[in-house]
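Produce the complete structure using the sequences and hints provided.
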Amino acid sequence: MGAFASDQPTTAIHWFRRDLRLHDNAALAAALERYAQVVPVFLFDPHLLKSANAAPARLAFLLRCLEALDENLRRSGSRLVVRVGRPAEVLPRLVQETGAAALSFNRDYTPYALARDAQVTTRVQAQGAAVASYQDEVLVEPGELTTKSGAPYTVFTPYSRAWRNALAAQPPVPIGVPLERLRLTDARLTNLPTEPLALPAWVSQAKEAAQWVHLAGGEEVGLARLHRFLDLANPLGIAGYARQRNLPALDATSRLSAFFKFGALSIRTAYMLAEEARRQTRNDMIYASISAWINELAWRDFYIQILAQFPYVRGGAFKRDYDRLEWENDRQLFQAWCEGQTGYPLVDAGMRQLRQEAWMHNRLRMTVAMFLTKDLLVDWRWGERYFMQHLVDGDLAANNGGWQWSASTGTDAQPYFRIFNPVNQSERFDPDGTYIRRYVPELRRVPTRFIHAPWEMPLEEQRRAGCHIGKEYPAPIVEHHARREQAIALYRRVGTLADGPL
DNA sequence: TTTTGAGTTGTTCGA
DNA sequence: GTCGAACAACTCAAA
Numbered sequence: 004m005g006a007f008a009s010d011q012p013t014t015a016i017h018w019f020r021r022d023l024r025l026h027d028n029a030a031l032a033a034a035l036e037r038y039a040q041v042v043p044v045f046l047f048d049p050h051l052l053k054s055a056n057a058a059p060a061r062l063a064f065l066l067r068c069l070e071a072l073d074e075n076l077r078r079s080g081s082r083l084v085v086r087v088g089r090p091a092e093v094l095p096r097l098v099q100e101t102g103a104a105a106l107s108f109n110r111d112y113t114p115y116a117l118a119r120d121a122q123v124t125t126r127v128q129a130q131g132a133a134v135a136s137y138q139d140e141v142l143v144e145p146g147e148l149t150t151k152s153g154a155p156y157t158v159f160t161p162y163s164r165a166w167r168n169a170l171a172a173q174p175p176v177p178i179g180v181p182l183e184r185l186r187l188t189d190a191r192l193t194n195l196p197t198e199p200l201a202l203p204a205w206v207s208q209a210k211e212a213a214q215w216v217h218l219a220g221g222e223e224v225g226l227a228r229l230h231r232f233l234d235l236a237n238p239l240g241i242a243g244y245a246r247q248r249n250l251p252a253l254d255a256t257s258r259l260s261a262f263f264k265f266g267a268l269s270i271r272t273a274y275m276l277a278e279e280a281r282r283q284t285r286n287d288m289i290y291a292s293i294s295a296w297i298n299e300l301a302w303r304d305f306y307i308q309i310l311a312q313f314p315y316v317r318g319g320a321f322k323r324d325y326d327r328l329e330w331e332n333d334r335q336l337f338q339a340w341c342e343g344q345t346g347y348p349l350v351d352a353g354m355r356q357l358r359q360e361a362w363m364h365n366r367l368r369m370t371v372a373m374f375l376t377k378d379l380l381v382d383w384r385w386g387e388r389y390f391m392q393h394l395v396d397g398d399l400a401a402n403n404g405g406w407q408w409s410a411s412t413g414t415d416a417q418p419y420f421r422i423f424n425p426v427n428q429s430e431r432f433d434p435d436g437t438y439i440r441r442y443v444p445e446l447r448r449v450p451t452r453f454i455h456a457p458w459e460m461p462l463e464e465q466r467r468a469g470c471h472i473g474k475e476y477p478a479p480i481v482e483h484h485a486r487r488e489q490a491i492a493l494y495r496r497v498g499t500l501a502d503g504p505l
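Residue numbers for the first sequence follow this note's numbering, so the first one is 4 and each next one is one higher.
Where hints are given, some of them may not hold.
[To be verified] Label pairs and their calculated CB-CB ranges:
| hint | residue 1 | residue 2 | range |
| --- | --- | --- | --- |
| 1 | R167 | E74 | 36 to 42 Å |
| 2 | Q214 | R77 | 24 to 30 Å |
| 3 | E70 | P114 | 27 to 33 Å |
| 4 | E342 | T125 | 31 to 37 Å |
Think of the hints as simulated: they come from the structure by calculation, not from any bench. This structure is a prediction, so every number in the text was calculated from the model and none was measured. Just so you know, even glycine gets a beta-carbon here, dropped at the ideal spot from N, CA and C.
Next up, the structure:
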């Protein structure tokens with residue numbers, strides 16, 4: 004697979020996957036420049052629509068992005084052709100139907116996508132059509148950066164150094180898409196049958212489905228949100244990011260993850276605009292804030308790279324010894340965690356935000372993940388799956404990387420005794436309890452000095468706050484310090500086992 | 001080959 | 001309240 008070689012007055016299919024936009028789109032631009040007619044296609048792949056792999060909110064967001072994409076295509080005299088089925092079967096049929104000479108798409112690096120695309124490529128090439136794929140989803144591709152010994156980086160800091168150097172040496176440039184070439188004129192192509200854009204039945208029939216329908220999606224919304232975030236005059240924007248991003252009570256993160264996940268926003272455009280803002284500022288704090296945000300883009304590439312180079316992390320520990328951790332896996336404790344009923348206010352607030360908004364502040368993702376693994380001693384994969392079933396921005400690479408980091412099984416595993424104290428985190432990052440009270444209404448009248456550990460309230464205080472521990476709000480389901488010791492023992496046992504005979 | 005420095009996001013304890 | 005040390009030992013990356 005390479006770039007298209009020559010100019011041909013014929014038809015190509017552009018297969019939209021995680022690049023649901025017309026701006027700055029590598030494969031789409033290439034196809035439009037080289038082919039007279041480009042048929043834009045999206046496939047609903049049953050594998051990716053299964054309830055085990057998807058979240059209702061994420062599918063609703065995907066649908067919004069597709070509707071916006073279709074509208075934008077229509078504005079340019081084209082439209083989105085939608086089909087349902089396995090790509091390796093549907094695409095060859097479509098090539099035949101359209102008489103296309105080529106298929107183009109942007110590369111996707113998950114294990115499933117790599118296998119799928121290899122199969123599609125083989126079959127389409129067997130029909131005599133050209134297949135070209137492009138780098139578009141990441142700033143630096145998996146495999147591009149290696150250590151001096153030629154191995155992939157497995158530690159973030161050296162990776163990010165190499166990543167920054169690579170981007171400085173060859174700054175990414177947004178790719179102009181010739182929209183005027185989108186117009187479909189061939190009657191055979193304008194009349195192609197298409198399926199309706201609709202959610203699978205298990206989502207549309209779920210009782211909570213209605214609330215996600217109003218999610219804002221699509222590239223206009225993504226671009227507008229990016230510009231608002233990068234506006235240095237915005238008090239909740241990037242200028243204060245380094246300081247404010249850790250405070251979940253503020254809406255001071257970019258909230259762009261879902262847009263990046265589906266490519267409704269170009270990572271190149273985002274990087275370039277941030278980099279430009281950084282070049283222009285003379286303010287050290289702002290410079291540091293922009294750098295901190297760009298560093299998050301490096302994390303995104305890092306975990307995409309880890310998943311691509313070490314596909315076994317999907318299902319097992321990056322540090323394989325930790326597959327032998329003896330989790331307690333108590334279903335009742337897991338259930339309480341899912342429902343935000345652990346008795347630890349910050350943890351419960353985070354879990355309830357996830358259910359209410361299909362999104363959780365990153366500080367809370369770490370806190371609740373750490374709590375599930377180190378306080379409840381539940382296998383990180385249970386939490387990973389639960390997140391994927393609820394997050395609007397759920398992404399295999401980032402979610403898996405984050406969970407393995409929290410569980411100390413991943414790259415850069417921090418010492419396993421470094422365990423978040425949920426009360427401590429609460430006092431540091433939600434000092435006045437604003438975030439807690441927003442998502443845990445039964446604690447609203449609890450005074451701030453008890454909001455982080457309400458079980459310490461005297462009975463009289465509980466009565467006054469209308470919040471009795473064990474009644475309106477649960478008592479802590481585990482005792483942190485005791486569980487911390489248990490967790491450390493659990494991890495230590497793996498260490499000794501690793502040295503001894505199995 | 002050997003050595004050296006470093007490793008996202010912390011906690012606890014005692015002075 | 002603030003500070004520094006201990007928490008263990010290992011692996012990675014580069015010189």
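For each hint, the structure was consulted:
1. R167 to E74: 36 to 42 Å: holds (37 Å)
2. Q214 to R77: 24 to 30 Å: Holds: the Cβ-Cβ distance is about 28 Å, inside 24 to 30 Å.
3. E70 to P114: 27 to 33 Å: With a Cβ separation near 29 Å, E70 and P114 satisfy 27 to 33 Å, so the hint holds.
4. E342 to T125: 31 to 37 Å: violated (46 Å)
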